[in-house]
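Novice: We have chain A already, so just place chain B on it with the hints.
Heads up: the protein sequence lines correspond to chains A and B, in order.
Under my numbering, the first residue of the first sequence carries the number 1, and numbering increases by one thereafter.
Under my numbering, the first residue of the second sequence carries the number 1, and numbering increases by one thereafter.
FYI, nobody ran anything at the bench for these hints, they're computed from the structure.
The reader is advised that the hints may include incorrect statements.
Far from chain A, by Cβ distances over 10 Å, these chain B residues were calculated [to be verified]: (1) P32; (2) V36; (3) P41; (4) R53; (5) K65; (6) K73.
Below 25 Å or equal to it, Euclidean Cα-Cα: the simulated DSS-like pairs (lysine-lysine) are [said to hold, decoys possible]: (7) B:K73 to B:K104; (8) B:K104 to B:K62; (9) B:K83 to A:K99; (10) A:K73 to A:K6; (11) A:K13 to B:K62; (12) B:K62 to B:K83; (13) A:K3 to A:K13; (14) B:K83 to B:K104; (15) B:K65 to B:K104; (16) A:K3 to B:K73; (17) B:K72 to B:K62; (18) B:K72 to B:K104; (19) B:K104 to A:K73; (20) A:K3 to B:K83.
The beta carbon of each residue, even a glycine, is placed where N, CA and C say it ideally should be.
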Amino acid sequence: MAKAFKYGLKGIKGYLEPAERELLRSLFDDVISMLEPEQRANEDPLAALVGLDTEAREPSDRAMRRLLPNVMKNDDDASLEFRRYTERSLRESKIGALKAAALSLDRENLVLTPDDARHWATALNDVRLVLAERLDIRDDADADNVHLMQDWAQAEDVESYLALVYNFTTWLQESLVQAMVHSLDARR
Amino acid sequence: MTLSVALGPDTRESTQTGTVTSGDVLTAPDVPWNLVIWNDPVNLMSYVSYVFRSYFGYSEAKANKLMMEVHKKGRSIVAHGSKEQVEQHAVAMHGYGLWATVEKATGGNAGGSGKGKGKRG
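Next comes chain A alone, as it looks inside the complex (with noise of 0.2 Å):
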């Protein structure tokens, strides 16, 4: 079973099985492969250089919408043309992050500076948005329906396992933060 992370002198300190290791690992791949921008054979290479990507649309995806949101509510014009700016740029950092914490993975100890407590935190969170989206969690009444699915026994089809899956990054993701809040608290 994994450990809660914890803050200590040498760090935030956590434990996983291999078995737990190699779950977070193809989680973390499976958003780095969703967030990968598509090559397009007419690329301008400078544009894409500077992050700029003519050609982006919002996402038809609901789990892409959620990690790639507009940035205006009621404009989807300006959220296009804002998009076409940053939206390069953020997936590149988000697949950064989550590609840091895939790599802490192959160490033996898992002991995170705090900028590898800050790419497992927003990896985590980008991962539970995507389980959030194929879970169909709308609301705080789903959320708390599928925390009840917390018996591994229980996991008998797809749906179950990935409750339990989303309910398991929770813990962690909660874990981590609350070491990272001690972190913060100990530095003032």
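Specialist: Using the frame of chain A, we list chain B on its own:
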């Protein structure tokens, strides 16, 4: 597909003298903008509060107050500034996975423009 949102050609003729008469010029940088964070059933309350503390440097009390406002009222204005500033914050919030938008500040009653349907306490 026509997604032409190019900024219109600015064909202002400047043959006249320098007196500015157009009202449009007043949309310039001082108009304040708000950064709004929206509630969702996924983000942890502890995480949202942590982000407000660590990114904006808010006190624990202020961060918690704003977080609770998001949670209970569905949204909260967590920062003000020029359009560019709040846009930059919004991208940072999206990086953290928070649901953020920007909006032009509407004079006095900034937060109260919702329809007030929800009666949940």
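Novice: Evaluate each hint against the coordinates.
Specialist: Now for the hints, and whether the structure bears them out:
1. P32: holds (15 Å)
2. V36: For V36 (chain B), whose nearest Cβ neighbour in chain A is about 8 Å away, the distance does not exceed 10 Å, so it is violated.
3. P41: violated (4 Å)
4. R53: violated (6 Å)
5. K65: holds (16 Å)
6. K73: holds (14 Å)
7. B:K73 to B:K104: holds (19 Å)
8. B:K104 to B:K62: holds (23 Å)
9. B:K83 to A:K99: violated (32 Å)
10. A:K73 to A:K6: This hinted pair is violated, its Cα atoms lying about 38 Å apart.
11. A:K13 to B:K62: violated (28 Å)
12. B:K62 to B:K83: Holds, because 23 Å separates the two Cα atoms, which is no more than 25 Å.
13. A:K3 to A:K13: holds (9 Å)
14. B:K83 to B:K104: This hinted pair holds, its Cα atoms lying about 8 Å apart.
15. B:K65 to B:K104: holds (23 Å)
16. A:K3 to B:K73: violated (34 Å)
17. B:K72 to B:K62: holds (15 Å)
18. B:K72 to B:K104: holds (23 Å)
19. B:K104 to A:K73: holds (11 Å)
20. A:K3 to B:K83: violated (43 Å)
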